[in-house]
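Which chain is which? The protein sequence lines are A and B, in order. Using my numbering, the first residue of the first sequence is number 185, and each one after it goes up by one. Using my numbering, the first residue of the second sequence is number 183, and each one after it goes up by one.
You can trust all of the hints, since none of them are fake.
Here are the simulated DSSO-like cross-link-like pairs (lysine-lysine), alpha carbons at most 27 Å apart as the crow flies:
#1 B:Lys318 / B:Lys244
#2 B:Lys248 / B:Lys511
#3 B:Lys336 / B:Lys324
#4 A:Lys472 / A:Lys345
#5 B:Lys423 / A:Lys427
#6 B:Lys336 / B:Lys428
#7 A:Lys223 / A:Lys343
#8 B:Lys244 / B:Lys518
#9 A:Lys509 / A:Lys227
#10 A:Lys472 / A:Lys509
#11 A:Lys369 / B:Lys350
#12 B:Lys350 / B:Lys455
#13 A:Lys437 / B:Lys423
#14 A:Lys427 / A:Lys369
#15 A:Lys428 / B:Lys336
#16 B:Lys455 / B:Lys216
#17 B:Lys216 / B:Lys248
#18 A:Lys509 / A:Lys351
#19 A:Lys437 / A:Lys472
#20 A:Lys307 / A:Lys278
#21 B:Lys324 / B:Lys216
#22 A:Lys343 / A:Lys199
#23 B:Lys336 / B:Lys423
#24 B:Lys350 / A:Lys199
#25 B:Lys423 / A:Lys465
#26 A:Lys345 / A:Lys521
#27 B:Lys511 / B:Lys232
#28 A:Lys427 / B:Lys428
#29 B:Lys428 / A:Lys437
#30 A:Lys347 / A:Lys437
#31 A:Lys428 / B:Lys423
#32 A:Lys369 / B:Lys428
#33 A:Lys199 / A:Lys223
#34 A:Lys465 / A:Lys437
#35 B:Lys428 / A:Lys428
#36 A:Lys369 / B:Lys423
Just so you know, the hints here were simulated from the structure itself, not pulled from any lab data.
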Amino acid sequence: MEKKPKSTQWALYQKEIADDNYFYGRSCIRQNFFPASEKTFLKILREELGKTVLEDPNHTTCTGIGYHSDVVPFDTTQTVVARQFSLMTGMGLKNMALSCITSFGLYTEILDTWHHFPEQLAKVREMLYKATKREFELPENIAHASDVIYKFRNEIAQKAKYKLINKETGEPLRVVEHIGCHYSKMFPTSGVGGAEFPQVLSGMVEAFGGEIVDYPERRHCCGFGFRNYLVQANRAYSISNTKKKFESMEPFKPDFIITNCPGCPMFLDRWQYAIAEMDGKTYDTQGKGIPVLTYEELAGMVLGYNPWDLGMQMHQIGVETLLDKIGVEYNPDDKYKDIHGNQLPVPECPSSLMGKLKTV
Amino acid sequence: MIDVIIIGGGIAGMEAACTLHDFGFEIIILEKDKHLGGHLQNWDTLFPTKRNASEVLDHYVKEVQKRSITVYLNTDVTSVTKQDNGSFEINTSREVVFKCKTVLMTTGYDLFNAERKEEYGYKIYDNVITSADLEKLLQTNKGELRSPSGNPIKSVAFVHCVGSRDEKSGNHYCSNVCCVTGVKQAIKMRQLLPEAQVFNFYMDLRMYGAGFEEMYREAQEVWRVQFIRGRLSEVAETIDKRLQVKAEDTLSARPLRMHVDLLVLLVGMEASKATGDFAQSCNLACAQNRFVETADFHIASNKTNVEGLFTAGCAIAPLSVFDTVNHAKAAALTVKEHLRLNN
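Excised from the complex, chain A in its bound form (with noise of 0.2 Å):
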């Protein structure tokens, strides 16, 4: 039986990416996870590609995580999403860049729904017009974040400093990409590569110089899965979703994570402490725990941004065994420094995932 690349797949699942001029949506919470990924977001594609990407400080919330926790209802989303497509129009933009993937999967998912029901939409537009005396025009182009590096991840990977080879052996790194469910499972075509082998985060590590690792719980969820956290009982749930997920990757010897979720990268990376303090296990062969990059970091890492300015210090799992098998330039001593160079107090180490205990 002739055997065809994955890439087959995803060739049947292409979306249209705008090329310029974005009206950038922020998350709520990933600027307290990740605090320098959104920061870094812009400052490739003003700096390094030259886009042009506006923002407003009215943007609210798009109540995502109420609204699939079940504590907003759809009428009221539906109208402060519609308020955040009027604060483009007011900028004379048309093409949305979204850093959260919630957000991103519930635009696409209300976009959905005014197209079938258009009198949802006129519902809407009046509502937020009693509301707010807004109006609004539909965004012509709706992309995540990630989409948008996706698409000029060959430009920055010849802008690049560093590939993501292993120095010591030369081999390309093995990298786990894991998608955030809103992403495309809610909306295939919405996706690049669709919800089965998204290509987003893939094609960004492959132009990267990195290699693949399909692994069997590769679809399964980071464990957030709003509910199962946000309710202190369920977290049990979460960290055994969590849990089962690097258990699947452990065989492959991953040398790190990369996502593009606001939440996903916080629950692989903390989750991982978590295990290690009440397990004693690790998922790596160092007993240091596998790191876990947002995309922007990703690329930030590539181009040779300061991984310290990169907020790279803000993660659970220390980054630098990856720094470290790529060759990156990095002064340890300014890992929990500020931006004016004081030294901030250093956080207690983990009594695990510092290589000391053996790994079960």
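Chain B: place on chain A using the hints.
Here is chain B on its own, set in the frame of chain A:
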């Protein structure tokens, strides 16, 4: 002028050709492949008797040869046009234009391309194959049956309704024969690999034909094939090339995850692309499911909307060998009646 040109040299075409020849008509068969037999050439055994498919195939080929019926192999039909006098002209990949009084379309079916169900990983993961691949494997296999990656097979799963009764693939209809094929192949795997576990994931099992239900019972009672009501949600490959499958057992209402060495996708039937290619040239009506629409499903199932253009077998719908042969015999009678009235 030739009395009947039969487009398609599968079992329907051969059966009809022999019967019409015996009625005294002059027949030509146009076959796109380099051999007669259609899909049957690639089948190992037939349900419910489990006889070798080659016995049936050889029978028909010999019958055609015995009658010296003219057969054009490697011949693709590009258009069928009806003339003012009611006759037909057929253009093909050959330079010659064929002329005839009537046309019998026995263009059969195409197998569903399982790559379209991407979640099953066909042609991505080594050990995911289709029911048609398994038939070929069984035809050619000598010695111990191993998975395509070369591993011993300790567990096998069959997935029913791949490309049938499935909105995603655009095929709402049932392909008729996959259920019983799955049962037949599951038994075969247990016969060949007595130590292996065999699972069949199904929506519901449609054992409509003579001997089918008995074979289903035999699979459970004698061969211990395990039937699980539920569809697979995804397939992934482990580091040792096994397959991790996820499904819901809808009878126990529980999600299920298991590892198997071989996954067999029971692919359905789709209307033959060849039919679609020339249907427009003769204004032939096709149903919503893209198969040929018969003039009257119950009392004129061999007639089409074009007078003098007849059809038989899987050109109208997924049919078993049993039903195909009977439908072809009926077509021969219908064509004979038409020629009698119009000569």
